[in-house]
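S.K.: One-letter residues, chain by chain:
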Amino acid sequence: MKQLSLVLAASVLSACVSVPKDSGYSELVELTAPMLPAPAEWVGETISEQEADDRIRALLSSPLTEASVAEITILSNRDLRAVLTGLKVASGSYKNDASLPNPFVTALFIDEPGSTSEDCFGNLTRFDIPMGGSIGVGYEILDLLFFPRTLKAAEAEFNAAKFGSVRQFADITHQSRLKFYEAMAAKQMLGLAEQSHRATQASANTAQALYDAGNIPEVDLNRERLFEAQMNGQLMNAQRRLKFTESKLVQAMGLTPELARSVKLEGRLRTPDQSELDALPIQSVMDRNLELKHRESLIDAAGARMGLDNVMTFIGDVEIEGEVERHDGEYEYSGGIGFELPIFNFGQGKRSANRAKMEAMAQRYEAAQYALNTSSNILYDELTSSREGILLQRQKILPLSQKVLQGMQLEYNAMQIGVFDLLAAKREQLAAGIAYVQAVEDYWKTRANYEYLLAGGSPDVTAGAMPDMGMDGAQDDGGH
Amino acid sequence: MPSRRDTFKLAGLGAGALALGGAKSGAYSGKHAHTESVSHTGKSYAPGQSGEDYTPVETPNGSTLPYKLVDGVKVFHLIAEEVEHEFAPGLKAFCWGYNGQVHGPTMEVVEGDKVRVYVTNKLVAPTTVHWHGVILNSGMDGVGGLNQPAIKPGETFVYEWTFVQHGTFMYHSHHDEMTQMAMGLMGMIVVHPRRQADPAPDRDFVMMLGTWAIRPGARRPDPNVMSDFNVLTINAKSYPGTAPLVARTGQRVRVRIGNLSAMDHHPIHLHGYAFEEIATDGGTIAKSARRPQTTVLVPTGTTRTVEFIAHNPGDWAMHCHMTHHVMTQMGHDIPNMIGVDPNKLDAEVTSLLPQYMTMGHDGMGEMGVHIESGHMKVPDNSLPMVGAQGPHDYITMGGMFTILKVRDGITDYADPGWYDDPKGMARAATQAELSRDGIEPGPMTKTHSSQGHMSHDMKKSDMKHEH
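Chains as they are written, first to last, in our numbering: chain A, 20 to 499; chain B, -2 to 464.
Derived by calculation from the structure, the hints in this document are not laboratory data. Please note that the accuracy of each hint is not assured.
[Stated by the list, open to error] Within a straight-line C-alpha distance of at most 30 Å, the following computed DSSO-like cross-link-like pairs (lysine-lysine) qualify: (1) A:K262 x A:K283; (2) B:K119 x B:K89; (3) A:K267 x A:K283; (4) B:K374 x A:K422; (5) A:K107 x A:K206; (6) A:K422 x B:K89; (7) B:K341 x A:K422; (8) A:K312 x A:K40; (9) A:K206 x A:K114; (10) B:K374 x A:K415; (11) B:K89 x B:K28; (12) B:K40 x B:K65.
[What the hints assert, rightly or not] Listed next, the stretches of chain B that the computed footprint assigns to chain A, with coverage defined by at least 3 CB atoms under 8 Å from CB atoms of chain A: (13) 113 to 120; (14) 209 to 217; (15) 323 to 336; (16) 361 to 375.
What you are looking at is a predicted structure, and each value in this text was computed from that prediction instead of being measured. All residues carry an ideal CB built from backbone N, CA and C; glycine is no exception.
All chains, please: the whole structure from these sequences, using the hints.
M.R.: Encoded structure:
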């Protein structure tokens, strides 16, 4: 009895686990801080809905930046809010699992006639209410004995949920950063595409003027008009790309249609300076990766649960009961123990299944490690390539394309080439500009993914679907 | 050995004999077509002397090849080498020339002179020298592979012969001609008659016509070009780089024109004069066969010599009359902009290309002004459509263009500057004149002004070149 008391006491003491009051939110903030250009907020908890709305409007009154996009996403994205609410769910489950199991009580009332009671005056009162019955109290003793394990499992499950939430939180804000780069690049490229189209319009109008003056045949005019129409198609493509990327950005930020109209994309995608282009170190990311932590926690939780299951499926249910019964005005006390007899099913199936589950989870964990390692290498290589791509564009292609255009202007002045060739050279320069913007976009997205990886994220290294710009250099000099 | 005086005495006797017998100098005798003023059969003559036996020629922008006299033989030395040559201020190129100049110096001799010519090859390629139109032994003719092995880089060959004719001839490479002549390996040869049949000229000029392909901004001629030559030269100079021909009023002026252009003939036109074509590269044309002309066609591979009395003072243009040959580095693969309204195009294109200006809608005449003034930047080392500022306006000529300047009473033949016409000049008609003569000009035929787009208000002091 004394030993049983000790066990029970230990169980009770160990039940004094502290479930985070903020449902693990502060830990989420701490874990996501390296990944976010803006601090995490919890609308409805750390900031009111009205404050969030005001802040969003204030941010939208200026052109978007990386930081403002992240902040707007944190304040506005409902999926993000759901993730944070999920913390509450996990926290609640944790609290639930961290509580000692309740005993169960059964009460039975028996209607026994003839019960009288005499008062001091000798009056007799006949009681019609039942005066007989029993009250029993039962307890799943194994739940109590294995409570520490249950607690451990609950804690692991909470950690798993927490890491899962952190990962989702970071993923959502990371995605909005990527969409921002895409939208900015699309806007820049549209500007260049518009200039290119204007150049073809100028060529076509020049051809029209020449035709009107009688200097060229109609076929030459039509050739220019055809090229203008083709370039118009490319312009429309660029416009579509901008709309698509803007919509994806709005979606990633989680803006309402009303607020979406206030989105301002202005300026240019920032050109990385030299220090940003300097080679980034390759680092091990295994120890801080949220996905792996999440899976580890899941394995821990599953292990703890399965440890319980393995014992409990063997032992089965064990109950102790105590009963107080009143019968004919007399109290009777009784107690007992009940347990499942493991004759046919002593949990062998469940234990086997549990082993297999653990094995599967371990394999998936290993797979995730390999995938992370591969992603790390892929991203590092991509970052190196995109960095070299930018340097090539910046150090050679852009300056040379500018020199070529300047040289062509001089050749035009010397009447060695005509206006069509000059406009074609301008289009080539614009095409070089578009290629550079694409290189800058590629760089920032790759860098964002790599930084996210280093901070503990698991970026998607596969290419996304995006309308292709399809902008080529000048294809036609109009035959003049 | 007869002295020069003896030679002249003999020549004089010979001349008299010929005069009595009916001078047929220049007439085809049936023996050979080249012209000789004296017999060369079994005869040798003392080396002719400049100033005594002949009035030396002037090669504008060029020079005469010096010689040494060694045992009665005129010894010349030609060095074939790469030369950085200026066609006109602002346009230079790495060409191939002789003795540090392009074209090579004029070889000037007298009929009967024995010559020994050493040719040193300092080029990267083998070469030879052919003496174009000269009658000599087969082995001296200079055709690589046919008459001689090519002169390898670093080697020196020697040619030796006696001139048995007089006239105007040329010398040029005859190995890989397409390349080496396109690079400039050529020069003139003037052989004065041992005995003067025609009156000697007072001013004797030599002009070698040439064509080159030098892309604006490039610094070497392209010998692969077959037809689109863009630098046209007289003595390897393009106007405004060509030196003028200067003469005194009343002088007999002889102009010897050689053409070693790759593919083009040149009709050389002289303003202000009619002249006679007195000789070809074959020899003197008989007087009865000479025709008065104002333009002499000089086919490629020939020389033509013309003569006139400079009776008409003034500044007289002398140029190839192929109109594209008096425009330097003009591009041809450009759209025809004549008749196009530039304003609308300017507005549309300058939004993309701020330095753009519609050109060619009123011709090419004003291009040179804008280029010379620096308004319009062109590739370094180029002179596209550049002419020169004249005394009255911009001279919209370049290329194969020079000026004959005839002045009264001059004794110095340095460039005398612009002619100041004392009798007045063509000018805008006054309203009084128009009314007097019943002239009604009428309105402009085009709706847009071809003058208003480019400002043509240039001062002389803004121009770089003045002649």
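S.K.: Each hint: holds or not?
M.R.: Here's how the hints hold up against the structure:
{"no.": "1", "hint": "A:K262 x A:K283", "in the structure": "13 Å, holds"}
{"no.": "2", "hint": "B:K119 x B:K89", "in the structure": "20 Å, holds"}
{"no.": "3", "hint": "A:K267 x A:K283", "in the structure": "14 Å, holds"}
{"no.": "4", "hint": "B:K374 x A:K422", "in the structure": "14 Å, holds"}
{"no.": "5", "hint": "A:K107 x A:K206", "in the structure": "40 Å, violated"}
{"no.": "6", "hint": "A:K422 x B:K89", "in the structure": "23 Å, holds"}
{"no.": "7", "hint": "B:K341 x A:K422", "in the structure": "27 Å, holds"}
{"no.": "8", "hint": "A:K312 x A:K40", "in the structure": "22 Å, holds"}
{"no.": "9", "hint": "A:K206 x A:K114", "in the structure": "50 Å, violated"}
{"no.": "10", "hint": "B:K374 x A:K415", "in the structure": "24 Å, holds"}
{"no.": "11", "hint": "B:K89 x B:K28", "in the structure": "47 Å, violated"}
{"no.": "12", "hint": "B:K40 x B:K65", "in the structure": "22 Å, holds"}
{"no.": "13", "hint": "113 to 120", "in the structure": "violated (count 0)"}
{"no.": "14", "hint": "209 to 217", "in the structure": "holds (count 3)"}
{"no.": "15", "hint": "323 to 336", "in the structure": "holds (count 10)"}
{"no.": "16", "hint": "361 to 375", "in the structure": "holds (count 6)"}
Of the numbered hints listed earlier, those contradicted by the structure are 5, 9, 11 and 13.
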